[in-house]
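Enquirer: So the protein lines, in turn, are chains A and B. In the numbering used here, each residue carries its 1-based index in the first sequence increased by 49. In the numbering used here, each residue carries its 1-based index in the second sequence increased by 17.
These are computed hints drawn from the structure, not numbers from a lab. All residues carry an ideal CB built from backbone N, CA and C; glycine is no exception. Hints may be right or wrong, so weigh each one.
[As the list claims (entries may be wrong)] Derived coverage of chain B by chain A (criterion: at least 3 residues anywhere in the stretch with Cβ under 8 Å from a Cβ of chain A; other residues may be distant):
no., stretch
1, 138-145
2, 163-173
3, 176-189
4, 255-264
[Said to hold, decoys possible] Coverage of chain B stretches by chain A, computed from C-beta distances (three or more under 8 Å per stretch; other residues unrestricted):
no., stretch
5, 38-51
6, 59-70
7, 110-122
8, 213-223
[As the list claims (entries may be wrong)] A few chain A residues that face chain B, going by a derived Cβ cut-off under 7 Å, partial list only:
no., residue
9, F288
10, V300
11, H303
12, P308
13, P516
14, G564
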Amino acid sequence: MNDLRAGGPARPTLLKRIFTTDDRTLGIRYLLLSLVAVFVGTLLSLAMRVQLASPGIRWPLHGPMLPEEYLSLVTMHGTLMVFFVLTTAPQSGFANLVLPQQIGARRMALPWLNALGFWIVALALLVLLSAFLLPAGGPIAGWTSYPPYSAVASAGPGQGGGMDCWLVSIGLFCLGSWFSAVNVLVTVLTERARGMTLGRMPLTVWSWFVSAILILLAFTVLFAALVLLFCDRHLGTAFFVPQGDWISGQVVGHGDGSPLLWLHLFWFFGHPEVYIAILPGMGLVSSLIANFSRRPVVGYRMMAAATVLIGLLGFVVWGHHMFVSGMNPYAGTAFGLTTMAIAVPSTAEVLSWIGTLWGGGLRRATPMLFALGFLSLFIAGGVTGPILALPALDQYLHNTFFVVAHFHLIMAMAGAFSIFAGIYYWFPLMTGRLMSERLGRWHFWLSLIAAYVTFFPMHLEGLAGRPRHYAQVTGSTSSLASLLPMERGVTWAALVLGAAQLLFLFNLVWSARRGRAAGDNPWQATTLEWQPVHAPVTVGRGPYEYHSGSSEEDFTPQWDAASQQE
Amino acid sequence: MILRGAAPLAISLRDWWMPPNAAAHGVAVDRLMRWDVAAMSACFLLANLFLVWLFLRPRRKSSAPSPWRAEFIPLGLLIVLYIVMAATAEHVWARERFEGAVPAALRIEVVGQQFQWYFHYPGIDAAYGQSRPQLISAALGNPIGLDPADRHGKDDIVSSELVLPVNREVDLQLRSLDVIHGLFVPEMRLKQNAVPGASLHVHFTPIREGIYPILCSQVCGSGHARMQAHTRVVSLTVYNAWLATHAKRVGQ
C-alpha cells in the first residue's frame with residue numbers, strides 16, 4: 050500500500066529486519082505483544098474465577114489453589130492488563146500504526162528511540178513473566194504493591210524474588226514508555242504536514258499527545274518510587290518502613306519511613322495512568338462515531354479541550370484512592386471535589402458522542418458496534434465514578450467488589466472494546482484485508498452481553514461488603530458465604546466472555562489470509578491514514594468533514610486538494 | 018407454590034444491598050447511598066435506553082439536534098446533580114470525620130497483624146500499657162508485645178473479639194505491627210486502614226445489639242481472606258460483666 054519508506058531496492062538483512070525502526074512494523078509488534086499479555090492475563094483471571102466459584106477445587110497436576118497462589122494470580126493479572134495491554138496497545142500500538150500518517154508525516158521523528166522503547170517493553174514483559182518460574186512464585190501484593198508488605202521479603206511467599214521481578218519489570222516499562230512518549234510528542238510537534246494545524250488534528254492524535262505528556266510526568270514519579278522501594282529492599286534504607294516494624298517474628302524497621310509516602314507517589318502515577326489507558330480509546334471512538342454516523346464530531350474544539358482538561362485534572366485526584374488510608378480527612382474532602390470536577394469533561398465527551406449519533410445515519414459495521422459497546426460500557430462504569438468519588442460513600446465501598454466492577458467496566462472493558470474497534474477498523478492498514486463482519490458481529494454481541502453479566506453483579510457483591518483479594522468468600526465470619534451462588538454466576542459469564550475471544554483470534558488469523566480485499570479507504574474515512582497513495586499533502590480542512598444527506602460523495606478527506614477551504 | 022419459589026429469591030435479594038446498618042452515622046450514609054445509587058442508575062438506564070433507540074431506529078437523513086438540546090442542557094443538569102451529590106456527601110463526611118470523638122467516648126486500641134485483629138482495652142486506669150515489638154509473642158499470651166514492666170499495662174485487656182456497649186461512642190485507635198491492614202465493619206459503615214508507624218483514630222456509635230463481622234480490606238498476605246473477627250454489641254450490663262471477668266483474669 051505504501052512503499053515510500055521501504056528505502057532502496059536492496060533486501061534488508063535479517064538483523065535489520067529484526068531491529069527495524071519502521072513505525073508501522075513496530076505498531077504491529079506492540080499489538081502482538083499486547084495480544085500475548087492479554088492472553089496470559091485472561092487465563093489468570095479465569096483461573097481466579099474458577100477458584101472463587103468452587104473453593105478448594107483440585108487443579109490437574111497441581112492440587113488445590115493456595116491463597117498465596119490466588120494472590121499471585123491477582124497481582125500478575127492486574128499488572129499485565131494495566132501496563133502491557135491497556136497502556137501498550139492503544140498508546141504504543143495504535144500510535145505507531147497510524148499516528149505518522151494521520152498527521153501527514155513521512156515517519157516518526159525519533160525512529161531509533163522508538164524501536165529501543167519497544168525492545169525495552171518486550172524485555173519488561175519477559176522479566177515479569179519470569180516471576181512465575183521462581184520457586185516461591187510471583188509477587189502477591191497486588192498491582193499497587195503497598196509497603197511494608199512489598200518492602201520486606203519475609204512478609205509473604207513471592208515477596209522475595211517475585212517482587213524483585215515486578216520492580217525491575219515495571220522500572221523497565223517506565224523507561225520504554227518514556228522513549229515511546231518522547232517520540233510521540235516530538236512527532237506531533239515537529240512532523241505535521243503543511244496545513245495540519247493543531248485544530249485540524251484528528252481527536253486520536255490529541256489523545257495520544259495528551260497521553261504522552263501524562264506518561265512523561267506520571268511514570269517519572271512511579272520510577273522514583275520504584276527506586277526508593279528497591280533501595281528499601283536491598284540497600285538498607287527506610288523510605289517506606291517505619292520504626293519498629295515487626296514482620297514474621299522479627300523487627301525489620303530500623304529507620305523512620307512512612308508507608309503513606311508510597312501511596313501518594315504510587316497514586317500520583319496511578320490515577321493519570323488510567324487516563325493514559327482510556328484517552329486513546331476515547332479519541333478513537335470519537336473518530337469512529339463520526340465516520341459511521343457520517344457526521345462531524347459535535348463540538349470538535351470542546352472535545353479537544355476536554356481531552357486536555359481530563360489530562361490536567363487527572364493529576365489532582367490521586368487522593369481519592371486514599372480516603373481511608375489514614376490521609377487527613379480534610380484532604381479527603383478536597384480530593385472528593387476535584388474528582389467530581391473531572392466528571393464534567395468526561396460527561397461532556399459522552400454527550401458529544403451521543404449528540405453525534407443522534408443526528409447521524411448509523412452504519413452498523415463491526416468497528417462501529419465496538420465503538421457503541423465502548424460507549425455503553427463507559428457509561429456503565431462512569432456512573433459509579435461520582436459515587437466512589439465521595440469519601441462518605443467510599444468509606445464503605447473502598448476495596449470492595451463495587452470498585453472492581455467500576456474499573457473493570459470503565460477501564461478494562463471499555464478499553465478492550467476500543468482496542469477491538471481499532472483493530473477491526475485499522476486491520477486493512479496492517480494486512481490490506483477486511484476482517485470478517487459475520488464473525489465480528491458474533492464476537493461483539495457475545496462479548497457485550499457476557500461483559501455485563503460478568504461485571505454488573507460485582508456491584509451487588511460490593512454493596513454486600515465483599516472485599517477484594519479474597520481467595521474465597523467462605524471465611525470464619527459467615528457474612529459472605531451467601532454470595533457463593535452469585536460468584537458462580539459471574540464465573541460462568543466470565544468463561545463465556547473468555548471463550549468469545551476465541552472467535553476474535555480465529556477472525557484475526559483467518560482474515561489476515563483470506564479476508565476480503567479492502568481496497569482504498571474501505572470505510573470512506575476522512576483522516577490521512579486512509580490516503581490511497583502516501584504523497585506529501587497540504588492539509589486545508591478539518592478531520593471530520595462528513596456531510597450526510599448530500600450527493601453520493603458524503604465526505605471530504607483531508608488529503609482532498611480540490612476546493613481547499615481556508 | 019409461588020411463595021415457595023419466591024423464598025430463596027428473597028434471601029438472595031438481601032445480598033443485593035448493604036447489610037442492615039448498626040451505627041449512628043450509618044443512617045445518613047445509607048440515605049446518601051440510596052439516593053446516589055438511584056440517581057446514577059437512572060442516568061445509566063436513560064443513556065443506554067437512548068443508545069438502544071438510536072441503534073434500532075431506521076436509518077434516515079440526518080437532522081442534527083441543536084447543541085442546546087444535545088449538549089448544553091443535559092450537561093448543565095448533570096453538573097447540578099454532581100454539585101448536589103458532592104455537597105450532601107461532603108456534609109456527611111465532615112460531620113463524621115472532621116472532629117475527634119467526644120471525651121467520654123470508650124477508647125479501644127485496634128492492633129492489626131498478619132493475620133489477626135487484636136482489641137486492646139486500657140482497663141480501669143484508662144491508660145494503655147506500653148508495648149514493644151521485641152516482646153511480641155502470641156505463644157506466651159502477649160500478642161501485641163505489652164511491656165510487663167509498665168504498670169499501666171497491668172489492668173489492660175487484650176481480646177480477639179471487639180465487645181462494645183450499645184449507644185456509647187467508641188474511639189478506635191488503629192495501628193499495625195507489620196503491614197498495612199484495613200479494618201472493615203460493614204454493619205458499622207466503617208472502614209479505616211491500620212498503618213504501621215502511624216496511630217489513626219476513627220469513631221462511631223453502635224446503636225443496635227448484635228454480632229457483626231470484622232474483615233480485613235487491605236491485601237496483607239496469604240491469610241488476608243481469613244483475617245476476620247467479630248464485634249459483639251451488647252447492653253451496658255453485659256458489657257460490664259464481660260469487663261469484670263476479663264479484668265480479673267488479667268489480674269491473677
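Enquirer: Each hint should be assessed against the structure and marked as holding or not.
Expert: Structure-based check of all given hints:
For the stretch 138-145 of chain B, the stated coverage by chain A is not satisfied: 0 residues place a CB nearer than 8 Å to a CB of that chain, which falls below the threshold of 3. Beta-carbon proximity to chain A at under 8 Å applies to 0 residues in the stretch 163-173 of chain B; the threshold of 3 is not reached and the given coverage is violated. With 0 residues bearing a CB less than 8 Å from a CB of chain A, the stretch 176-189 of chain B misses the requirement of three and the coverage assertion fails. Judged by the Cβ-Cβ criterion of 8 Å, the stretch 255-264 of chain B is not covered by chain A as claimed, because only 0 of its residues qualify and three are needed.
For the stretch 38-51 of chain B, the assignment as covered by chain A holds, since 4 residues bring a beta-carbon within under 8 Å of that chain's beta-carbons and 3 suffice. Beta-carbon proximity to chain A at under 8 Å applies to 6 residues in the stretch 59-70 of chain B; the threshold of 3 is reached and the given coverage holds. Under the rule that three or more residues need a Cβ within less than 8 Å of chain A, the assignment of the stretch 110-122 of chain B holds, with 5 such residues. Counting residues of the stretch 213-223 of chain B whose C-beta sits closer than 8 Å to any C-beta of chain A gives 4, which meets the bar of three, so the coverage hint holds.
With a least beta-carbon distance of about 12 Å to chain B, the hint placing F288/A at the interface is violated under the 7 Å criterion. With its C-beta approaching chain B no nearer than about 5 Å, V300/A sits inside the 7 Å limit, and its interface hint holds. At about 11 Å, the closest approach between the beta carbon of H303/A and any beta carbon in chain B exceeds 7 Å, and the interface hint on this residue is violated. Using the Cβ-Cβ criterion of 7 Å, the hint placing P308/A at the interface with chain B is satisfied: the shortest such distance is roughly 6 Å.
At about 5 Å, the closest approach between the beta carbon of P516/A and any beta carbon in chain B falls short of 7 Å, and the interface hint on this residue holds. The restraint placing G564/A at the interface with chain B is violated, with a minimum CB-CB distance near 26 Å, outside the 7 Å limit.
Checked against the numbered hints above, the structure violates hints 1, 2, 3, 4, 9, 11 and 14; every other hint is satisfied.
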